[in-house]
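Asks: Protein chains in written order, with the working numbering: chain A, 1 to 83; chain B, 84 to 166; chain C, 167 to 321; chain D, 322 to 476.
Hints listed in this document are in silico derivations from the structure and should not be mistaken for laboratory results.
These numbers were taken from a predicted model, which means no experiment stands behind them.
Glycine residues also receive a C-beta, built at the ideal position from the N, C-alpha and C atoms.
Misleading hints may appear alongside valid ones.
Stated by the list, open to error - Quick list of simulated restraints, FRET-style, between CB atoms:
{"no.": "1", "chain 1": "D", "residue 1": "Gly453", "chain 2": "A", "residue 2": "Ala37", "range": "24 to 34 Å"}
{"no.": "2", "chain 1": "C", "residue 1": "Ala183", "chain 2": "D", "residue 2": "Thr392", "range": "44 to 54 Å"}
{"no.": "3", "chain 1": "B", "residue 1": "Trp118", "chain 2": "C", "residue 2": "Arg174", "range": "34 to 44 Å"}
{"no.": "4", "chain 1": "C", "residue 1": "Ala313", "chain 2": "B", "residue 2": "Glu100", "range": "38 to 48 Å"}
Given next are the chains, with one letter for each unit.
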Amino acid sequence: MKVKYFAWLRERVGKAEEMIEPPASVRTVDDLIAWLAQRDETYAHAFETPRVIRAAIDHAHVKPDAVIAGAREIAFFPPMTGG
Amino acid sequence: MKVKYFAWLRERVGKAEEMIEPPASVRTVDDLIAWLAQRDETYAHAFETPRVIRAAIDHAHVKPDAVIAGAREIAFFPPMTGG
Amino acid sequence: MTANVTIRIQETDFDIAREISALTKGRTDIGAVVSFSGICRGDEGSETIAALTLEHYPGMAEAEIARHAETAMSRWPLTGLSVIHRIGRITPGENIVLVLTASQHRHAAFQAAEFLMDYLKANAPFWKREEGAAGTNWIDARAHDDAAAARWTKS
Amino acid sequence: MTANVTIRIQETDFDIAREISALTKGRTDIGAVVSFSGICRGDEGSETIAALTLEHYPGMAEAEIARHAETAMSRWPLTGLSVIHRIGRITPGENIVLVLTASQHRHAAFQAAEFLMDYLKANAPFWKREEGAAGTNWIDARAHDDAAAARWTKS
Numbered sequence: 001m002k003v004k005y006f007a008w009l010r011e012r013v014g015k016a017e018e019m020i021e022p023p024a025s026v027r028t029v030d031d032l033i034a035w036l037a038q039r040d041e042t043y044a045h046a047f048e049t050p051r052v053i054r055a056a057i058d059h060a061h062v063k064p065d066a067v068i069a070g071a072r073e074i075a076f077f078p079p080m081t082g083g
Numbered sequence: 084m085k086v087k088y089f090a091w092l093r094e095r096v097g098k099a100e101e102m103i104e105p106p107a108s109v110r111t112v113d114d115l116i117a118w119l120a121q122r123d124e125t126y127a128h129a130f131e132t133p134r135v136i137r138a139a140i141d142h143a144h145v146k147p148d149a150v151i152a153g154a155r156e157i158a159f160f161p162p163m164t165g166g
Numbered sequence: 167m168t169a170n171v172t173i174r175i176q177e178t179d180f181d182i183a184r185e186i187s188a189l190t191k192g193r194t195d196i197g198a199v200v201s202f203s204g205i206c207r208g209d210e211g212s213e214t215i216a217a218l219t220l221e222h223y224p225g226m227a228e229a230e231i232a233r234h235a236e237t238a239m240s241r242w243p244l245t246g247l248s249v250i251h252r253i254g255r256i257t258p259g260e261n262i263v264l265v266l267t268a269s270q271h272r273h274a275a276f277q278a279a280e281f282l283m284d285y286l287k288a289n290a291p292f293w294k295r296e297e298g299a300a301g302t303n304w305i306d307a308r309a310h311d312d313a314a315a316a317r318w319t320k321s
Numbered sequence: 322m323t324a325n326v327t328i329r330i331q332e333t334d335f336d337i338a339r340e341i342s343a344l345t346k347g348r349t350d351i352g353a354v355v356s357f358s359g360i361c362r363g364d365e366g367s368e369t370i371a372a373l374t375l376e377h378y379p380g381m382a383e384a385e386i387a388r389h390a391e392t393a394m395s396r397w398p399l400t401g402l403s404v405i406h407r408i409g410r411i412t413p414g415e416n417i418v419l420v421l422t423a424s425q426h427r428h429a430a431f432q433a434a435e436f437l438m439d440y441l442k443a444n445a446p447f448w449k450r451e452e453g454a455a456g457t458n459w460i461d462a463r464a465h466d467d468a469a470a471a472r473w474t475k476s
């Protein structure tokens, strides 16, 4: 699946998007954050405060316990500051 | 004192303004409406529903029991429909 | 903070973009501008309208709007506001009234604009006469306009 | 009643008068148009800002605004609405966002515009980075923006 990062999360990860293939044990958004965080120090730093990170699956906001199965695109970003 | 009339009240009275000299017994806005209404049939018709008529003294809205002594200009009009 | 208050009663139409620009030009302390335009509709209830004619009480109309403007400036942190009310004959689709409010933050701008419109409707000495198929009629005031104005004294 | 919905995300500035005209042209069923312009301020709290840079999530931003537009159209009797959000670098005094709502009556237009702004602030995927004296920083979300959006689900 495709993962996208925005704002300071994009800057910390060092890329705007990438393709990932997490293991089947990674079921929810929360699981995915934990899985990404353990990849290396860069990801660990980017995802060090998971409570302030928002997620969207296929362009719709989702909660941390949302199941990621079937998602084409998952995005992570800080709280929105538009308007 | 000067009296002004607006909207359908102006049309019914047949003039936009006039100078009047009510007797001293005419103390309040309500008194003045009653005094005007008894002048002739035209005024009686114009002021036949005093409860829907609003008044202003010197450019400020007043209640029917407002005292008219010292007023330079008293205006009568129907409820406002601007905006 | 200098307050920028414009009040005009005029026969001619207004240009919203120019009025917003006058309110915001050269300032960088404004984060929100709300505008309300009241427009002449082609019907009033079930009746078709050919035009409205607006009459006002010169002197009192300006004074009454100024009183409401002062109240708005004292109740909300505004950097400025404008109220422009047209008079004379106005046909459907044309502007009748413009209220602009500017503030650092959006809620003050929204609240003040809505307050000003509610108060203008209920208290500013303007009267509308409509030209319909069955001749001309003075439009009746609506009870809900008084109720709309009254809610600002409760809160 | 045909609804007229415009949603655009663009780098260039918008022209409020042109957008209002697009929403109202040729119609005589509109009595009220409310516009909200969000403008870049020269300070954020105590800090001076040289510019903001707005980043967005293409695809989701449009979808999220469209969802809010649909909600607004279903909750209030609107004849149309427009949302234009700028992206890229914006300096103090420049426009950031425009929300327009048109309706037969003023309360619907006011309520829908305020609802749309509260929802956009809290939910539309845009992020602001500020250029200040001490370098660039991502602006933090404010708890009161979430609270402002939440009040529409209670009422």
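Asks: It remains to establish, for every hint, whether it holds in the given structure.
Replies: Here's how the hints hold up against the structure:
1. For glycine 453(D) and alanine 37(A), the Cβ-Cβ distance of about 30 Å falls inside the hinted range of 24 to 34 Å, so the restraint holds.
2. Look at alanine 183(C) against threonine 392(D): about 29 Å separates their beta carbons, and that is not inside 44 to 54 Å.
3. For tryptophan 118(B) and arginine 174(C), the hinted distance range of 34 to 44 Å is satisfied, since their beta carbons lie about 37 Å from each other.
4. With their beta carbons about 32 Å apart, alanine 313(C) and glutamate 100(B) fall outside the hinted range of 38 to 48 Å.
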